[in-house]
Amino acid sequence: MLRNSVFSCFVFYGVLLVLKMYVIAVITGQMRLRKKAFANPEDALRHGGLQYHREDPYVERCRRAHINDMENILPFLFLGAIYSMTGPSLWVARLHFLVFFICRVLHSVAYLLALQAPTRSVAYTVAQIPCVSMAVQILMAVKSYA
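My numbering applies: residue 4 is where the sequence shown begins, and numbers increase by one.
No wet-lab data here; the hints were simulated from the structure. Being a predicted model, the structure only gives us computed values, none of them experimental. Wrong hints could be hidden among the right ones.
[Unchecked claim] Computed beta-carbon distance windows for the label pairs:
1) R57 to L93: 47 to 53 Å
2) Q54 to W94: 55 to 61 Å
3) A28 to Q119: 22 to 28 Å
4) V129 to V21: 17 to 23 Å
[Claimed, not checked] Think about it this way: if two alpha-carbon atoms lie no more than 20 Å apart in a straight line, the pair counts; the simulated SDA-like pairs of lysine to any residue are:
5) K39 to G52
6) K23 to F81
7) K38 to V26
8) K146 to C134
9) K38 to A117
10) K39 to D59
11) K39 to K23
12) K38 to H50
13) K23 to L77
14) K23 to E63
15) K146 to S136
16) K38 to R67
17) K23 to A117
All C-beta atoms in this analysis are idealised placements derived from N, C-alpha and C, irrespective of residue type, glycine included.
Between the sequences and the hints, there should be enough to build the whole structure, so can you do that?
Next comes the structure, spelled out in structure tokens:
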């Protein structure tokens, strides 16, 4: 399967996106420690007491960035894998994967740094374009089998 150059390209960007998700998870955990804002009472007790079983706006911002990644990267991984099997041009496929990747990185940076609107919204919207394109191409490729 990795001999398929489009699939190999997809795997490259897919793995980068998963690593980015791990980075956001680590940032969230570090922010919890720094702000002493723990979601679970047992964690709060371990780090100073139940008064730290609380929410913090910065921790919540990190959490929302991570949740948004899961809501968007997981569908991309499904679409990209199937799309890779439809025989697209390597150049076009790479453009789809690269645009999505860059926009998701920009979205995370905008979320974590609270960049001025509409930076995050634009990054989100532009990242949806390759996903919709892949979905349409997948549907066109399989329409004769349905």
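Problem set entry | Those earlier numbered hints the structure runs against, lowest number first | 11
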